[in-house]
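Top line first, the protein sequences correspond to chains Z and V. For what it's worth, the working numbering labels the leading residue of the first sequence as 28, then goes sequentially. For what it's worth, the working numbering labels the leading residue of the second sequence as 122, then goes sequentially.
Simulated from the structure, these hints should not be mistaken for laboratory data. Keep in mind that the hints are not guaranteed to be accurate.
What the hints assert, rightly or not - Covered stretches of chain V (in silico footprint by chain Z; criterion: 3 or more residues with CB under 8 Å from a CB of chain Z, positions within the stretch not fixed):
1) 183 to 190
2) 199 to 207
As the list claims (entries may be wrong) - What follows is a set of in silico ranges between Cβ atoms, one per label pair, in the way DEER data are often shown:
3) E42(Z) / S201(V): 43 to 51 Å
4) Y131(V) / P139(Z): 29 to 37 Å
5) P41(Z) / Y131(V): 32 to 40 Å
6) L46(Z) / T141(V): 39 to 47 Å
7) A182(V) / R82(Z): 33 to 41 Å
8) E30(Z) / G184(V): 17 to 25 Å
9) L148(V) / A56(Z): 27 to 35 Å
10) T53(Z) / P160(V): 20 to 28 Å
11) T141(V) / G43(Z): 45 to 53 Å
12) R230(V) / G43(Z): 31 to 39 Å
13) L38(Z) / V173(V): 39 to 47 Å
Positions of the beta carbon are idealized from the N, C-alpha and C atoms, including for glycine.
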Amino acid sequence: KQEVTQIPAALSVPEGENLVLNCSFTDSAIYNLQWFRQDPGKGLTSLLLIQSSQREQTSGRLNASLDKSSGRSTLYIAASQPGDSATYLCAVKGANAGKSTFGDGTTLTVKP
Amino acid sequence: DGGITQSPKYLFRKEGQNVTLSCEQNLNHDAMYWYRQDPGQGLRLIYYSQIVNDFQKGDIAEGYSVSREKKESFPLTVTSAQKNPTAFYLCASSPGVAYNEQFFGPGTRLTVL
Numbered sequence: 028k029q030e031v032t033q034i035p036a037a038l039s040v041p042e043g044e045n046l047v048l049n050c051s052f053t054d055s056a057i058y059n060l061q062w063f064r065q066d067p068g069k070g071l072t073s074l075l076l077i078q079s080s081q082r083e084q085t086s087g088r089l090n091a092s093l094d095k096s097s098g099r100s101t102l103y104i105a106a107s108q109p110g111d112s113a114t115y116l117c118a119v120k121g122a123n124a125g126k127s128t129f130g131d132g133t134t135l136t137v138k139p
Numbered sequence: 122d123g124g125i126t127q128s129p130k131y132l133f134r135k136e137g138q139n140v141t142l143s144c145e146q147n148l149n150h151d152a153m154y155w156y157r158q159d160p161g162q163g164l165r166l167i168y169y170s171q172i173v174n175d176f177q178k179g180d181i182a183e184g185y186s187v188s189r190e191k192k193e194s195f196p197l198t199v200t201s202a203q204k205n206p207t208a209f210y211l212c213a214s215s216p217g218v219a220y221n222e223q224f225f226g227p228g229t230r231l232t233v234l
């Protein structure tokens with residue numbers, strides 16, 4: 028059974044800092060990995076999707092990497108801003124293509 | 122405006138009642154999903170549908186039922202058999218199942234009184 032872990036559970040940084048969020052998974056037989064952002068009481072906003080054959084994806088200040096062999100993905104946020112404060116979740120789509128397994132998320136606070 | 126809509130935003134249920142949560146999408150996506158989120162936790166899959174008139178159980182399907190009579194609509198019924206239904210419910214869709222990005226609706230918060 029796929030298990031997805033996100034560490035740390037919470038992170039607080041000063042504005043302008045570069046930071047890395049981690050996502051690890053136990054079964055490397057995956058279709059893709061997706062990073063989301065969730066604001067309190069809201070739905071999820073897709074940030075980046077990495078297919079199993081890809082190593083990384085970039086969008087603006089965000090860069091996500093994927094290392095299937097070690098079961099790890101990282102989300103790099105450059106020059107963090109207070110507006111980046113949210114919970115970030117990763118989801119892994121495994122061998123059963125209909126099912127995604129989510130981590131519990133990392134809650135990020137960026138202080139002005 | 123393309124997207125996924127969920128209604129209502131807030132729903133209150135008395136014990137023993139069935140309630141139905143609505144999910145509609147105008148993205149022409151084949152696949153639709155229902156997830157449950159409890160405080161401080163990630164999402165758990167309840168049901169998913171890859172095509173009209175077909176749906177599969179997820180990890181926590183007990184006490185829930187769904188239908189997929191139209192491509193745009195995937196309603197979720199929370200039955201009285203669901204022992205702890207208070208949670209945030211999220212609907213999602215994707216063009217297909219395997220390699221595609223999932224897009225989410227705004228969610229419905231269900232509270233049992």
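Hints, one by one, checked against the model:
{"no.": "1", "hint": "183 to 190", "verdict": "violated (count 0)"}
{"no.": "2", "hint": "199 to 207", "verdict": "violated (count 0)"}
{"no.": "3", "hint": "E42(Z) / S201(V): 43 to 51 Å", "verdict": "holds (49 Å)"}
{"no.": "4", "hint": "Y131(V) / P139(Z): 29 to 37 Å", "verdict": "holds (32 Å)"}
{"no.": "5", "hint": "P41(Z) / Y131(V): 32 to 40 Å", "verdict": "holds (36 Å)"}
{"no.": "6", "hint": "L46(Z) / T141(V): 39 to 47 Å", "verdict": "holds (41 Å)"}
{"no.": "7", "hint": "A182(V) / R82(Z): 33 to 41 Å", "verdict": "holds (35 Å)"}
{"no.": "8", "hint": "E30(Z) / G184(V): 17 to 25 Å", "verdict": "holds (24 Å)"}
{"no.": "9", "hint": "L148(V) / A56(Z): 27 to 35 Å", "verdict": "holds (28 Å)"}
{"no.": "10", "hint": "T53(Z) / P160(V): 20 to 28 Å", "verdict": "holds (24 Å)"}
{"no.": "11", "hint": "T141(V) / G43(Z): 45 to 53 Å", "verdict": "holds (47 Å)"}
{"no.": "12", "hint": "R230(V) / G43(Z): 31 to 39 Å", "verdict": "holds (35 Å)"}
{"no.": "13", "hint": "L38(Z) / V173(V): 39 to 47 Å", "verdict": "holds (42 Å)"}
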